[in-house]
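Chains as they are written, first to last, in my numbering: chain A, 1355 to 1525; chain B, 40 to 464.
A hint or two may mislead.
Straight-line C-alpha distance at most 27 Å; calculated DSS-like pairs for lysine-lysine [what the hints assert, rightly or not]: (1) A:Lys1523 <-> B:Lys72; (2) B:Lys97 <-> A:Lys1484; (3) B:Lys94 <-> A:Lys1523; (4) B:Lys92 <-> B:Lys56; (5) A:Lys1523 <-> B:Lys97; (6) A:Lys1521 <-> B:Lys45.
For the record, the hints were derived by calculation from the structure and aren't laboratory data.
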Amino acid sequence: MKCLVLTVVEGRVLKYGDNINTDVIYPGKYLVFTQPEKMAEHAMEGLDPEFPRKIRDYGLVVAGKNFGCGSSREHAPQSLKYAGCKCVLAESFARIFFRNAINIGLPIIECKGIHSKTDEGDRLQIDMEKGIIKNLTKNEVLNFKPFPDFLLKIFRSGGLISYLNLKSKTT
Amino acid sequence: MKLSGKGLPVTKKILAKASGKEYVESGEFVEAKVGMVMVNDLTGPLALDAFEKLKEKKVWDKNRIVIVLDHQIPADSVHSAELHKRLRRFAAEYGIKNFYDVGRGGICHQVMVEKGHVKPGVVVVGADSHTCTYGALGAFATGIGSTDAAAVFSTGSLWFKVPEVMRINVEGNLKPYVFPKDLILHVVGLIGEDGAIYMGLEFTGSTIKKMGVEGRLTLCNMVVEAGAKTGIIEPDEKTIEYLKGRVKESFTPVYSDQDAKYEEELSLNVEDLEPQVACPHSVSNVKPVDEVGDVEIDQAFIGSCTNGRIEDLRVAAKILEGRKVKDGVRLIVIPASQEIYLQALKEGLFEVFVRAGAYIGPATCGPCLGGHFGLLADGEVCISSTNRNFVGRMGSPKSKVYLASPATVAASALTGKITNPKKFM
Chain A
1355 MKCLVLTVVE GRVLKYGDNI NTDVIYPGKY LVFTQPEKMA EHAMEGLDPE FPRKIRDYGL
1415 VVAGKNFGCG SSREHAPQSL KYAGCKCVLA ESFARIFFRN AINIGLPIIE CKGIHSKTDE
1475 GDRLQIDMEK GIIKNLTKNE VLNFKPFPDF LLKIFRSGGL ISYLNLKSKT T
Chain B
40 MKLSGKGLPV TKKILAKASG KEYVESGEFV EAKVGMVMVN DLTGPLALDA FEKLKEKKVW
100 DKNRIVIVLD HQIPADSVHS AELHKRLRRF AAEYGIKNFY DVGRGGICHQ VMVEKGHVKP
160 GVVVVGADSH TCTYGALGAF ATGIGSTDAA AVFSTGSLWF KVPEVMRINV EGNLKPYVFP
220 KDLILHVVGL IGEDGAIYMG LEFTGSTIKK MGVEGRLTLC NMVVEAGAKT GIIEPDEKTI
280 EYLKGRVKES FTPVYSDQDA KYEEELSLNV EDLEPQVACP HSVSNVKPVD EVGDVEIDQA
340 FIGSCTNGRI EDLRVAAKIL EGRKVKDGVR LIVIPASQEI YLQALKEGLF EVFVRAGAYI
400 GPATCGPCLG GHFGLLADGE VCISSTNRNF VGRMGSPKSK VYLASPATVA ASALTGKITN
460 PKKFM
C-alpha cells in the first residue's frame, strides 16, 4: 500500500505533564466550532494559551502518562494537528484519544521513559515504522514498539477514512 | 447460566462473538460488528465531516444509527443552531428514525438505555466517552471518536484492541446515605485516573446484585474516569425487567465463563463506606465527605448522564422537602431525559425543588461540561453530581468542582458547605 504520510518526523519538544485531559486540550465552550482554523486557535488553551503560536516552531509535544484523558471529543487531536503539531509522544495515552489520533492521521507514540529523558526544546527525529527516537540535542537514542501492522496500515493511509476509501478501491 | 468454557470474561466473549471468533486474546486487534452507534450534537457534525469524505456515502443500516441532540440544547448560538440543522438534515436524508430532537429525548446515554437501543450481548459504540454507561445492561459499550462513528455509519464494524479485564468484586450493604456514586468515586480514587487504562472492568458481588439498574448505570458511567474502555455487569432478572417494553428485538445475554480469567482483581467490602467526594482537579482525588474540610459552595448541580435519573431526583427531593437552599447558593436540577422530567413532574418532585429555591432546567448535559449555561466565575466553587472536575470543566479555569452523590449535593445546597447527607436522611 502506498504510504500517504511522512513516517519520519523531526521537531523540537514542547513538554507537558501527566493526565493532560481533553478539557484543557480543547475546552468545552469551543466544541461548537468544526472549522480547522478555529480549532487550531484554541488548541491547549486550558493549559497553555501560547501553544498555537509555539507549536508552529516546535512541532512536537512530549507528555507524561494518560495524555488525552476525559472526553471523546475528536476536536482535541484535530486542534493539535491543525495547530501544527507533527507528533505527540507520551508515556501512555487515554484510549479514545489514541484511536482518534490514529484515525485522523496525527502521529502518536507511546514510549516509556520519554518524559524523563527529554527536555523542553530538545530536537527529536522520530522514525514511526522503525520505532526509533533520536534525541539530536542530547545525542541519545530511545526505542519504542512501532504500531502493529493493523494500525500501521490505517496510519500509512493517512487515517481511517482514507484507509476505507483505499480498501474499497482495491476490493 | 454460567458455563465453563474457554476462560473468557463477558467483555471478551461479546467481542469474540461480534468478531466471528470463538476466542480472543488481550491485546489482539479485531474487527467487530457493531449493534448500535450513537452520535450527539457536538460529536455528530465531525462524524458527518468524515462521512462526507468517504467515496461511498451510504449508511450500512439506518435503523442502527442513533442521533441525539443533548449537549447544546436548545441552541444557544447560531453556531449550535447550524450544527443541529445539519444533523436534522442528515437524519432526514438518510431516513434515520432514531433521531432525538430538542424535546424528544434528553441526554444521549439516558436516551440510549430508556428507548431500548441497548441490548445485552452486543457491541454498542457512541461518540461520547460516557458510552461505557450501557455496560450496566450487559453490553460491550465503549466511547469512540467521530471518525470512528463515520466508519461505523458506513461499514457497521470497527477495529478494537481486545482489552485486559479487571474484576471488581463488591460485597456488603451500602449505608442508607451511601450510593452507587460513592462506590464508583471510591473505586476511581483507589485505582487512579489511569488505573484501568485500556482495560475492561467487570463488576461482580452481592452489592452489585442488590443494586438497581439505575445505580448500575451510574457505576458503569464513570469507569472511563479510571481510563477504562468498558465497565460491565452481567445481566440478571433486574436487567431483564428493565429491558421489558423497551427493547423490541430479541437478544441473547452473554455471561462470563465460570473459569473466566482476569488480568487483575480488586475485592472491596463497602459496609463501612462513607459518602465520597472527588476534590479539585482530579476525579481520583477522592476523600470521605467528612475529611474534605470546610468548603463553602456557590453552586450545586444535580443532573447529567451520571446522576440525573429519577432515583437521584427522588433522593434529592427527600432531603430538600420542606427546607430551603442556603442564601447565596444556587441549586440547579436537571432531569436526564424527557421521560424522567415527566415522571418527576407526576411525582411532585418539581414542587419540592421550586419551594426549596432550586432552579429546574430542561433535559440537557447543561453545566456538566461548561457548555451553554450554569457556568462558574473566577474563584467559584460547585458541588456536582456529574463525572468530571478538571480545570475549567464547568467554566472559569479559576473555579473549582467537587463531585459527589445527589444526596451529598442536596445536603450541601442546604448548608452552603460540603456536607454529609447523613444528618438529613
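These are the hints, each one checked on the structure:
1. The straight-line distance between the Cα atoms of Lys1523 (chain A) and Lys72 (chain B) is roughly 22 Å, inside the 27 Å bound, and the hint therefore holds.
2. With a C-alpha separation of about 37 Å, the suggested pair Lys97 (chain B) and Lys1484 (chain A) falls outside the 27 Å cut-off, and the hint is violated.
3. Of the supplied pair hints, the one linking Lys94 (chain B) and Lys1523 (chain A) holds, its CA atoms being roughly 9 Å apart against a limit of 27 Å.
4. For the proposed pair Lys92 (chain B) and Lys56 (chain B), the alpha carbon gap of about 31 Å is over 27 Å, so the pair is violated.
5. Between Lys1523 (chain A) and Lys97 (chain B), the direct Cα distance comes to roughly 15 Å. Compliance with the 27 Å bound is thereby established for this hinted pair.
6. Between Lys1521 (chain A) and Lys45 (chain B) the CA atoms are separated by roughly 34 Å; this puts the pair beyond 27 Å, and the hint is violated.
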